[in-house]
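Trainee: First to last, the protein sequences are chains L and Y. For the first sequence, my numbering gives the first residue as 8, with consecutive numbering after it. For the second sequence, my numbering gives the first residue as 979, with consecutive numbering after it.
Hints are computed from structural coordinates only; laboratory data are not their basis. Be aware that a few hints might be false.
[As the list claims (entries may be wrong)] Incomplete in silico selection of chain L near chain Y, CB under 8 Å:
1) T39
2) L209
3) R213
4) I248
Cβ atoms here follow ideal geometry from the backbone N, Cα and C, with glycine treated the same way.
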Amino acid sequence: MVRLGMAIILSGVLLGCTDSVDPVIDSGRAYTLYGFLDAHADTQAVRVFAIEGTLDLIRPAPLGAEAISTELESGTQHQWQETIVEFTNGRFGHVYWATFRSAYGKTYRLEMTRSDDVQSSVEVTVPPVVDPILLDPSLGIGYAIIPVLWQHAPRVHDIRVSYETNMGTYDFEYPLDQEVRSDGVVVVIRFSRDAREIFRDLHRARRPVADLRLHEVRLTVLISSSAWVPPNGIYDPDLLIEPGVFSNVVNGFGFVGAGYDTLMAFDPADSVKIAAGIPVGDN
Amino acid sequence: MRKAVYVRRAALVLLCAFPGLAFAQRAMVRGFVTEIATGEYLYGVNVAIIDADGSVYGGATNSDGFYVISGLRPGRYRFQVSFVGYATHSDSLTLAAGTIYDVDIALETELHQLDALIVEGEEEGSVADLVAGMERIEPADMDRIPGPDVSGDLAAYLSVMPGVVVIGDQGGQFYVRGGEPTQNLALLDGMVVYQPFHILSYYSSFAPDMLRSVDLHAGGFDARFGGRISSVIDAWSRNGNNRRYAASTQGSPFVVGAHMEGPVGTGQNFSFLASVRQSVLEQGASQFIAHDIPLAFNDIFAKVQGKTHRHGRISFSALTTSDRGRIGEDTGRGRPDQIRWTNDAVGARYLFLPGYLPILAEFMVSVSRHTNELQDQDESVRKSRTGRLNLEANITHYTPFTNIRWGLFARSLAFTSDLGGLFQRFESTKEYVTEAGFYLAPHFQRNERTFLAPSLRVHNFPSKGAAYLEPRLRGQLGLGPHTFTGAAGLFHQEIVGINDRRDAASVFTAWAATPTGQGVPQALHLIAGYQRALPWGVEMVAEAYYKGIKNLYLAEWTPRPRLSTTLQQGRGRVYGLDLRLDLRTPRLYGYINYGLSTVRYTATQPELATWFGSATYSFRPAHDRRHQVSTLITADVAGMTASVLWQFGSGRPFSRALGYDGFLLMDGRVNVFEEPGERRVIYERPFNGVLPPYHRLDMSLERSFSMEFAEVVVQLSVINAYNRANIFYLDIFTLQRADQLPLIPSLGLKASM
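Bound conformation, chain L alone (with noise of 0.2 Å):
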């Protein structure tokens, strides 16, 4: 038993010599970017951050990255810039950035080139240019609410609805609650929610609603882009942290899209101001 005890020491030893161990494996993805093509942009940039073996914090020196876009229709090229920025937490990170403007409706490719000829693209189609349309309202006793159509648009972000009155301007932020047609898209504006909302804010401030009068209601969104539609519909954070998830960049990470703001803007008709206890008339 001795022998056999001297055995197992002695190939144990032999099988277990190595002690070194390689902590990241190589996916060959070179980079992670994040941005939009912007359509009414004089100027493009996207953030890009390398794929690293280490964790260490970004330090205030260049990439190195060679980045082109392309625009495939017509095949014309932009050659990206880097920049170092820092950031308000004294953070470093790098943007490349390049001077043109993006075109409704076409699609670019972005290639991310490494030194070792490592590459990470993501090609984006800039929406078409879209026509809002108002839609009829819904009305009832205390309630109100208009859809507008974003004809040919694909998707919409960051919807907001302004309200310019006579007692100062109101803005809301809407979430991303939008009906998908195949014609483009529907927001709908929740015009006697925000009418309390607005009653309220004047209540405490001791105004009085009959004074209120109602100019011009103005809705923004930015127009994106078909892929630019977080899983579920939300963006969570601790979703999209996920690596993989909302992703478009091949041989990479992170996700680019594209879109433009644009704005519509009316006045309601008096019954929809009616409908939502709006005051109408002459002040």
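Given chain L, work out where chain Y should sit, using these hints.
Mentor: Only chain Y this time, still in chain L's reference frame:
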């Protein structure tokens, strides 16, 4: 030897008051067996009563040195008490019907036979000490393990057991057959010790000089124990010498310590025992090897015990321990977190033998307290404090055919946590919990090697409105040279230790009650074992086990670096096989332990569905060490005792990352020039990598010198003799690697008076 015989005429009515005790025409002999030189109770002593036909009725003393032989017909018997290393006591007894005889025996050491008898005795005892997941460990077993000190330690012994996995030599984290440290119940003299191991994992909180024995129930434990789903470490201190004063002192570059014991008063009825240990790592071992070991600990134990009257024994025990240190190494990316913990426990135990009833009654009261504190790199502090008041009564009825043990318990627990916000979904809180319940555990003994012990525990939590029914079964069957053992049982754990096992170096634990409405951890244990003696002094023990665990609290798998702040419920299953080969000859002792184990946890996390392709994922946790081997050889050479221990463990799982990047929430117009985002770990499946294997060689050489007033033991030892760089942990967030201790030579001295 001395004998004290007390006879009590039993009242027939009282004897018949309990079912199964209707044996008024029979007699019973019972008593305590002690060592004459010290007054210490002796465990495992063979007590036999032989009638005129040569029929033998007998039993062995329990850990209190107590024995009972019941169901004896009236008549004349030969009474014989024998124990390895002691002179056999022989006498005759004439027994009358319906009588209980109290016969206390004090055995005298028989020095000239001791050496030969030790070998024989150990051969007999080793197999018997391993029964269906339960092993009795005695100080002599611990002493065989080479370590930096002359006296062995429970922690060193456990670390070479096949089913026990130790995560490194720091942190005091022991995993028993797949169960986590917070699923182990540690008791000393019936008092709960929440953290029974010191921060340097070579040492337990129990100084070896004060230990009498430790029962390790690696699973399948009977209904006496509850509230934990993995294992029980049931340690008992020995009694102080009630004949004379004795003391010892010892030192090494790791620890210095001393113990004292002696009689209290003049009647030899009471004795005391006290021990103290203090680590000297920072002043000692770390200076030897020019390697910073920022760990410190101490423990103090005291006990007073004695005979209150003919039928009563009482003892008072107290333990206090303290640990502090930084786990891991400062590699320049930030100092490791500072951890501190303390244990305090006091308890009293009263053993009572009613004069007219065949009953042994045990009453215990104890108070335990545990504090745990973690100070991380940004100086934020997490604290957790736990208190426990325990009252229990354990009654054993002795009948001719079975011993029936039952008990009642009531406990009050208080948990206070200051966690700096949410920690694993548990908030900083103060909470009180009550527990009460009872158990019934009959023990049917057919012969020395065959028994069946079904038991049932009802564990109730009045403050939580919950109750659990836990059936258990243990048994052993001896057939010729073969011995088969088995155990099964259901276990629950309402009180859970909350920690983050993603980080192997994180030993901070906050104790809390399971939140109302959430399932409590539950485990099913199955054990099947086989033992037999082989030729050439070799004994073989094999034991297969299974643990199925529900409602495990697992750290959420998230790419956010550092500790997860949320827990999820999962399930686990553990399969394993422990194999032991023991070799015993007069001058050589050795064993080979092999442990095969597989632990797998399964959890469901909806966020992972896209990344993993399924919301449900399973993984090997960090303590799933698939293969373990330990080989010990101890030999007497030229008046010295040489010990060599080699341990091997296959690599443990760890989580390998695919890389590190960052995350921005793209929920609309994000200005990439202003939004900093956060760092992220791009992980693959949890614990998808395997660390290098662990192996280590420890050696010691020990010699005793007898002087006029003292016995001195000198020990030279080397830990990690070939200086293997065994990895302790790898932090995938910082890629910080911490290794276990390097080669450390040590000189240990112990003087006993």
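Trainee: At a threshold of 8 Å, is the proposed contact between T39/L and chain Y supported by beta-carbon distances?
Mentor: holds, 4 Å
Trainee: Does R213/L hold up as a contact with chain Y if the rule is Cβ-Cβ below 8 Å?
Mentor: violated, 36 Å
Trainee: Does the interface hint hold: is I248/L within less than 8 Å of chain Y, judged Cβ to Cβ?
Mentor: Where the cut-off is 8 Å and the nearest Cβ of chain Y is about 5 Å from I248/L, the hint holds.
Trainee: Measuring from the C-beta of L209/L to each C-beta in chain Y, is the shortest one below 8 Å?
Mentor: Cβ of L209/L sits 30 Å from chain Y, so the hint is violated.
Hints 2 and 3, counting from the list given before, are not met by this structure.
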